[in-house]
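K.L.:
Position chains B and C relative to chain A; hints supplied.
Residues per chain are reported as follows:
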Amino acid sequence: MSAPFLILAAVTLIGACAAMLFRGLVHCALALAVAFAGIGALYLNLGAQFLGLAQLLVYVGAIAVLIVFVVLLTRGGDSDSPPLSPAPRQFTGILVAGAIFAILAWAIFHSFAIHTPGMPVPQATIRQLGVALMESYALPLEVIGLMLTAALIGAVLVAMKEKPGPQ
Amino acid sequence: MAIAWIVRYLWVIPTLPLLAAGISALLKQGQRRFAAVLAIASMSLSFVLAMVAFGHALLHPERVFVNFPWMQFGSEWVKLGWMLDPLAAVMLVMVTFVGLLIFIYSVGYMHHDENFTRFFCFLSLFAGAMLGLLIANSLLLLFMCWEVVGLTSYLLIGFWYERPAAAAAAKKAFIVTRIGDLGLLLGMVWLYGQTGTLLFYDHGAGCMEHAALSLLATQTVYFGMAASTGIALLIFCGAVGKSGQLPLHVWLPDAMEGPTPVSALIHAATMVAAGVYLVARVYPLMSVPPAASPGAPSAALEVVAWIGALTAVFAALVAVAQDDIKRILAYSTVSQLGYMMIGLGVGGVAVGIFHLIAHAFFKALLFLGAGSVIHGCMGEQDIREMGGLRKWMPVTFVTYAVGALALCGFPLFFSGFWSKDAILHAAYGWNISRGPFYLGAIGALLTAFYMTRQVCYVFFGTRRKDAVPDPIAPSEAAASDPLEAAHESPTTMTAPLALLALFAVLLGFIGTPAWPWLQGFLEMRHASWDFRQLAEDGLPQLMLASSLLVFAGLGLGWWIYGRRPIKHAADPDALERLQPAIFHALHQGLYVDQLYALTIQRPAWWAACFANWLEQWVWNGIPLALSAMVKGLGWIDFSLDRWVVNKGFDEGCDSVAGSGRLLSRLQDGSIQNYLRLVGAALAVLALFLLLGRRG
Amino acid sequence: MTPLAGCLLASSMLFAVGLAGALTRRNAILVLVGIELMLNAANLNFVAFWRFGPHSGALTGMVFVLFSIGVAAAEAAVGLALILAVYRHTKTTDLRQLIRRRG
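Chains as they are written, first to last, in our numbering: chain A, 1 to 167; chain B, 1 to 695; chain C, 1 to 103.
These aren't lab readings, by the way, just hints derived from the structure by calculation.
Do not rely on the hints blindly, as some may be mistaken.
As the list claims (entries may be wrong) - So the derived list for chain C, only partly shown, Cβ under 8 Å to chain B, looks like this: (1) 19; (2) 22; (3) 23; (4) 95; (5) 99.
For every residue, glycine included, the Cβ atom is placed at its ideal position computed from N, Cα and C.
Chain A on its own, in the form it takes in the complex:
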């Protein structure tokens, strides 16, 4: 466990918590961006350079911004209630999440992951990635292209202002 890793992990987690805890929506969106960035950095730390940058590009650059846009567009809606209200529902959610985390942690600590020795950093050049995409994963590539197109069209259609019908 190297120090950079720890710092990056901490940043990410703090960002994530902030995103979930802040009252103002814009603050949440910005904290989310920080969390995304932290994850991107973690990818870089783990040696997946393209992935890290792709994460930054897509998540921070597009998705976080998109979220900010939507938050701004839906201003005037009710402001959120205090996040951690004493309502039992809220508490149940946290409890469930806590339970899941506990189980995962327990699984992790009892699994082989504890004993895996460190490995050398793998080679993951752009060239290798491109070749893999074109050769092994050509089909998923096309499919995802199709899916993105459909999602794009769908999102536009859904979010489009309805034209008033002939009256």
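P.N.:
Quick look at chains B and C alone, frame taken from chain A:
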């Protein structure tokens, strides 16, 4: 031997009044003329037929009978039958003649009553049953008619049933005679058991014939008493009840609650005579000496004579102190019936029956006369309220006087003298004891005394009734006068009186010792005119003695009551002034009724209460307990059903619904909730998987 | 603690936080945010396993995550478009109110 048509059709005589009764029962109250016509017509026809039968019996003085099988018991046949012999013939004529006269009298007497039709229906029913009783050749048939006669007596005593006194008297009559009838029934059963037949005469097989009688005489039962004596005494019980002998006489005075024609017909002339007739019918059984001592007289007849004697004196004593005109006559009837029993006991059938026939006529006359007096006094029956009526009701007075003299036994010209003398003569000659004779003599004195008292109270002296205006000119004819003054009764009432008075005189002559025609006829032997018979056998002394007794009684009565009659109704009786305690005891009938109330009615009441208690709690208790148990079980079942089964089911359904309601809260539409659940499920599942792996 | 375990733990924590937020927050956008966080945690898992597991040369983990990012983007776009559309109709993004209105 061919049977004459009258004997073959003898059964028509009782059937005609029965038919009249049946048709009258269907008539409405308004059809009174038709009912009266039916009754009188049927009775007249029966009288005509009875005369024909009498003529036949005169020509052929023998016993003829017709038997027929009636009912089958297994292998045995019960037979019934009718017979015609001199006794039956004489009785038939008497009953139909007196009955006819009383029916005619009733038309006038009951004219104002609204239940006229019902009255004649019952009268006809009575007449039919009585006539049936007379011609019965079977003890069973006789008993059946006996019971119907008792029933009609009940119906007629309680004719005015709205009056509680009348209803009670009817009940009393029925119950008391029932006690006697029980004895009669037991005797009948015993007789049938011993002899196998209830027919009186059946060509040698009847129970009054020699074979049966000798069988009964030889059998001895308790205390060495022969079966014949036992059966005879039991049958006599029935006679004691029906004829009002001591101790079952208590119903006769109360029976005067019925209308006067009823008292005349039933309780003077005919029904009470049925007991005497019964004894006469079963006389062969009564008189058979016990086989053990053939010379001795029959014990049964001894009992009959003594009971008759005691009754005669007892009733005569009580009659002295009575105030109701009809009650005096009722006690007089009891007394005279006692005389008849003496006659039967000491002298035989003829002696008793002679007095029966004579008594029927003059007692009916007296009762009808009393009815005329009551009618004329607007319903007043207390003799202390009457007085001096001979001016207002002369015909009634004359006929009543004739009847009274006949009853007293005024010598020579009145039937009572000859019949009573026959009895006294036979009692004098009875070789067992002179007791009945002396008692009879005392009774004769008392009879004359109380009749004179009654006649003086009613017809002599001054008029005592208060609400009487100045006397209007008395008239003999009938009844278009205002209802305030005492008046003579209409002709429908006075004509029968006159006719009966005639017979009260003339009948005596058929039985005098000079020409004992009736006795001869009844005993089926020839009787001849013979004045010498008057002189023999101590008869003249006896006739003289009895005449003296009668004169003594008449004189005593006149001296006490005729010379100084009481002025006001409230004045005490002369005898009452002398001996108030004895007078009061006699007035109350020597407290016999009270004695019975204490000794019989009270225990019977207790027994009935006990039986009622048993019925309610013990016999009823078992079904009640069972039903309570079943009800309890049912209640348990119901409760179980309601509280356990139903409630359980309801609770189950409610809990299912509740849990459903609870579970439905999961489906609240909130995605976050669903997600929470999914997350929780995921955690649990993961846990299981991991743990499973471990294990 | 090996690096792999550390990574996995971190991603688990991230996942838990995202889940808690998705289950708890009332605003629809924030639920989406939570979902995005969960997705990212899973992606991190993949990358960690690619880095520290055998057969790193096959690049399987990386490619998967690449596609996952693409799919996440598409999904975020559509989801946000939906939120906008709903907002236009009901003038609110509050989940509780939306549920109530729907019955």
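K.L.:
Would you mind marking each hint as holding or not holding in the structure?
P.N.:
We went through each hint and held it up to the structure:
1. 19: At about 6 Å, which falls below the 8 Å cut-off, the nearest Cβ of chain B leaves the hint on residue 19 of chain C intact, so it holds.
2. 22: holds, 6 Å
3. 23: Because about 5 Å separates residue 23 of chain C from the closest Cβ in chain B, which is inside the 8 Å limit, the hint holds.
4. 95: Holds. Min distance 6 Å.
5. 99: holds, 5 Å
The earlier numbered hints are all upheld by this structure, with none contradicted.
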